[in-house]
Amino acid sequence: MTLARNWKKWLMLLLIATMLMPLVGPTRSARAAEKTAAQLMPETTVFYAEIAHPDRVLATLLDHPLSKKIQASPEYRQGLKAPQLAPLYGVVDAMELKMDMKWRPMLQKLTDGGLYVGVDIASKGGVLLAKSSDPELPGRFADALADVARQTAAEHGNDNAVERRDYKGIVAYKINKGVHAAVGPWLVISNQGDLARAVADAYLGGQAPSLDDETEFRAARSGRRDGAAGWAYLKMRTLREMGVGREAFANRLNNPGVEFLLGGVLSVLRRADFVTLDLLADDTSLRAAINLPRSEGDIPKARAFYFGPEGEGGAPKPLRPEGTLLNLTMYRDLAAMWNAAPDLFDEDTAAKLAKADTDLSNFFGGRPFGAEILPAIGPRSQLLVVQMPADPDAKGPAPQIKIPAAAFVLQSPNPEKITPFMKVAFQTLIAFANIDGASKGRPTLMLTNEKREAGDLVSAEYLVMPGDKPMANAEVYYNFSPALAISGDTIIIASTKRLAESLMTLAKAQAGQTVKSNTLLEINGAATHQALAANREQLIAQNMIKEGHTREQAEAAINGLLQLVELIKAADVHLTRTDKTLSLELGVQIKPVSE
Amino acid sequence: MPTDLTELDPQQAWAPYTPDAQRPWNIRRAAHLYRRAAFGADYATLTAAVDAGPATVIDALFTASEPAGDGANQRGDGSDAVAAFDRQMESLSSAMMGTGDPRALSASWLYRMVNTPAPLLERVTLCWHDHFATSAAKVTKSRLMLDHLDLLRSHALGAFEPFVQAISRDPAMLIWLDSTVNRRVSPNENYAREVMELFCLGVGHYTEDDIKQVARAFTGWEVHRDRFTFNKFQHDTRDKTFLGHTGDYDGDDAIRIILAQPAASRHIARKLARAFVCDEPELPDTLIQPLADQLRDNGFVIAPVVRRILSSSLFFSEHAIGRKVRSPVTLGVGMLRAFDATTNMNQLAAAVDTLGQLPLFPPSVKGWDGGRTWINSSTLLGRANLARAFGLGGQVKFNAGSLAATAAKHGVTKPADAVNWMLDLIVPLDPPADVRDQLVAIASGPGDENQRLGKTLQAIGTLPEFNLA
Chain L
0 MTLARNWKKW LMLLLIATML MPLVGPTRSA RAAEKTAAQL MPETTVFYAE IAHPDRVLAT
60 LLDHPLSKKI QASPEYRQGL KAPQLAPLYG VVDAMELKMD MKWRPMLQKL TDGGLYVGVD
120 IASKGGVLLA KSSDPELPGR FADALADVAR QTAAEHGNDN AVERRDYKGI VAYKINKGVH
180 AAVGPWLVIS NQGDLARAVA DAYLGGQAPS LDDETEFRAA RSGRRDGAAG WAYLKMRTLR
240 EMGVGREAFA NRLNNPGVEF LLGGVLSVLR RADFVTLDLL ADDTSLRAAI NLPRSEGDIP
300 KARAFYFGPE GEGGAPKPLR PEGTLLNLTM YRDLAAMWNA APDLFDEDTA AKLAKADTDL
360 SNFFGGRPFG AEILPAIGPR SQLLVVQMPA DPDAKGPAPQ IKIPAAAFVL QSPNPEKITP
420 FMKVAFQTLI AFANIDGASK GRPTLMLTNE KREAGDLVSA EYLVMPGDKP MANAEVYYNF
480 SPALAISGDT IIIASTKRLA ESLMTLAKAQ AGQTVKSNTL LEINGAATHQ ALAANREQLI
540 AQNMIKEGHT REQAEAAING LLQLVELIKA ADVHLTRTDK TLSLELGVQI KPVSE
Chain W
0 MPTDLTELDP QQAWAPYTPD AQRPWNIRRA AHLYRRAAFG ADYATLTAAV DAGPATVIDA
60 LFTASEPAGD GANQRGDGSD AVAAFDRQME SLSSAMMGTG DPRALSASWL YRMVNTPAPL
120 LERVTLCWHD HFATSAAKVT KSRLMLDHLD LLRSHALGAF EPFVQAISRD PAMLIWLDST
180 VNRRVSPNEN YAREVMELFC LGVGHYTEDD IKQVARAFTG WEVHRDRFTF NKFQHDTRDK
240 TFLGHTGDYD GDDAIRIILA QPAASRHIAR KLARAFVCDE PELPDTLIQP LADQLRDNGF
300 VIAPVVRRIL SSSLFFSEHA IGRKVRSPVT LGVGMLRAFD ATTNMNQLAA AVDTLGQLPL
360 FPPSVKGWDG GRTWINSSTL LGRANLARAF GLGGQVKFNA GSLAATAAKH GVTKPADAVN
420 WMLDLIVPLD PPADVRDQLV AIASGPGDEN QRLGKTLQAI GTLPEFNLA
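Each protein sequence line maps, in turn, to chains L and W.
Just so we're aligned: 202 in numbering that gives the first Met the number 0 is position 203 of the first sequence, and the numbers increase by one with no gaps anywhere.
Just so we're aligned: 267 in numbering that gives the first Met the number 0 is position 268 of the second sequence, and the numbers increase by one with no gaps anywhere.
Mixed in with the good hints, there may be bad ones.
Unchecked claim - Quick list of in silico lysine-lysine cross-link-like pairs, DSSO-like style, CA-CA up to 27 Å:
#: 1; chain 1: W; residue 1: Lys408; chain 2: L; residue 2: Lys439
#: 2; chain 1: L; residue 1: Lys80; chain 2: W; residue 2: Lys454
#: 3; chain 1: W; residue 1: Lys408; chain 2: L; residue 2: Lys80
No lab work stands behind these hints: they were computed from the structure.
All figures in this text were calculated on a predicted structure; none of them were measured in a lab.
Produce the complete structure using the sequences and hints provided.
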């Protein structure tokens, strides 16, 4: 049969084939090449992570000015010389030689189609998939890696360390329990042969259900943020069924501190089917968003203290005096938590809290602590750490270690009721501090009561007698001049009088304002740098002692640290709840190179 | 030299050491000198010392440690290195004081011992700390302990009388021995007792009544707001009679009279001889007397006596080499200096504390008992572990990069050389030949160079000789 004579028949066959193509799907190789990593991983995959552009991440990690500074630090260079790393360098050198490529372009090319990690519950293994735009490269890499492993093992007297296996036309290498193979454009590395085989089967057109077949995964994957550098997915439900984190997921934490900080999050986590993570990065910032899907009734009544009875408890708008280093504002109804203790904690912990209630009541002039004092304090609070600007009028001893000032700011729904008891408690505390201080040779704190335009200020400062020599390098306690300030509905408990004064003015200006987030944490890089720089001598001394460095080495290390911190502009954490999700966002901002 | 100390001729014993065929000036003797006078030294320093000769080495040790001249605040030869190091240490101590934790001062003092270019001064200061033992456990204030330590250091090689006078006014010492409650109507005898029994005379050279009378002389010597204060209202101005003298004496008078006793110079001379020559047997009076005479004839100045001891024929003899048990501090600091290494000083402080000697925290006013008491089943294991930390642990950082690199720096490549090198550095007496063979076998064993040397060092740490100085 010639083409010329039978062209009609050939044309018909081609037409039929074209028509049938969508029904039978693409050819094996075409179909496999299009498969995503999630389609190659089995449905029993419990953790999945992807980095779409590893080359960009690598560039950020290695080329960013911050990274360059780290790489230039003596500690980093010393770390690179660690004897434990020597075998790794040997492997890298050998791989470069075998591949005739430097490691970085090699890695970039090998992963330019993405880098993926999966953890499979069925095989109890993990798998790493790297996709390359060069179809030959994974195969060359796998062969070279096997050669290098074989040589290294032979040098240690083991001639049979690498086993070559053929599986459905795919060459795989087994080294101890690990397996690596080139599967089309993919480099597959796994610590379990079964898992590597499952990936290969999926690539070769196997019909076993994949991770991507799960509706839940696909829905979660579709929510991946645009431009995310990385994305991860964790099947919480499966982990819970396996008993992972049993204590954290228990109904009662029996740790009031953890309950206060994380109780609401754990409630959502306890019911969430999965968790996702979006990683966003550019030259000046890195953000991670952890998202939990919410379900109805996931917050039990006893934990209403966390997000508020309607779930809309927003943190107070942060007060940000000059030099604010750290700011933590949150909505937590401590009174509600305290009074729900029998439902939140076991009998022992609840009994301890009940005892604490009695003790603290004594401290507050006999008023019931949980029933009267805490409700008057209110659910919105702020913790600040502030590197105060230098005080030009400072006369007292200058402490050797300069501790930033700190304050608690509370918004009271009933300031008239709580104010007298707070003052009594403050005076009692100062009296205790003086008795303790006298026995330890510390000077006396002297109380002062002042009426200011912004409110009442009670403070205590170390007594400096006339004729006392100005003292440099004084003891650490000279950092403190504790103060209690009441400005409208705001109660301020500060470690220094100056900070209390500063906050009183700010509190009056933004009274009652809240933010959308339930919890908000901010860290300011410049203020952190100032706080560290103020203690440079102390840091150098500690470095000399702890590292055994010479003064010159210690100075270099601390200067390097200060330069690094200087590059960090800010960091923040937001915990925000909506009807559908609970999201925890963490971000770090780095100064642009020009700044 | 006779094997029995009582048969030694004092003049011959304290005569300057002259190397000869029986007692050559070599690495082992140079290491002995540095171990006793300077905690230890690395191989480069030892080889340079062998080239320079003992007299030059001893001169250099003293030059770095003594004041540069009359009234000079600066120590040493006036070189920038010593002055710069002193400034750095002032800054370091000041920073450590800021923590308010006296244990931080212990760590900073260990740092100083490891890194000082004037190690003799620190070694003698450690001696006086043992002598005028004052503990931060009771004093508690870092500032007072730092001032106390500075006082010990500033007088360490100077005249003894002003030293005792300064100690008697030292707030840390006054708090430690309860002088803050030494009142006219009820004199506290603690300080008076110790100034005679432990600091100046020794038991048997005073009576209980002398103690009562001397306590009266010190009444009113108090501490207010961390400073020495003379409270004239609490001072007993009546006559006191002690040690054959009567008068309205105060504390300074008491010290002068006490130090005028013949027993005083012998007590101090014996203390110095025990610190630098041997723990046991006790040196006979005939050997102590020439040193006591030297003290007495030279205004009780300490440096010349220490120099005479370190330069002596006795010091370089078998009566001294390996005849002391290394204290935990001299062991830990000595190892670091010998291997040109450093470490986390807080951890070193914790290690020597476990072994029974945390600087600034002596167990009692008598100081540390020393000698054989350093060794028991528990501390013996701890001492071996210290050697293990150098060999196989990760906390010690060698300036050359690693133990193997340190050895290579000194041209040590063969297993037998490595064993000799380590023994030269840290062991004063040769172990038996079969033990040495075993060490060479370990140094020739499997693993890389660091592992082999580490295991060898660990094995050396288990030898009885390792604990000697």
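task: With a cut-off of 27 Å on the C-alpha distance, tell me whether Lys80(L) and Lys454(W) pass.
output: holds (22 Å)
query: Quick one, are Lys408(W) and Lys439(L) close enough, alpha carbons at most 27 Å?
result: Violated, because 52 Å separates the two Cα atoms, which is more than 27 Å.
field: Hinted pair Lys408(W) and Lys80(L), Cα distance within 27 Å
entry: holds (17 Å)
Consistency with the previously given hints fails for number 1 only.
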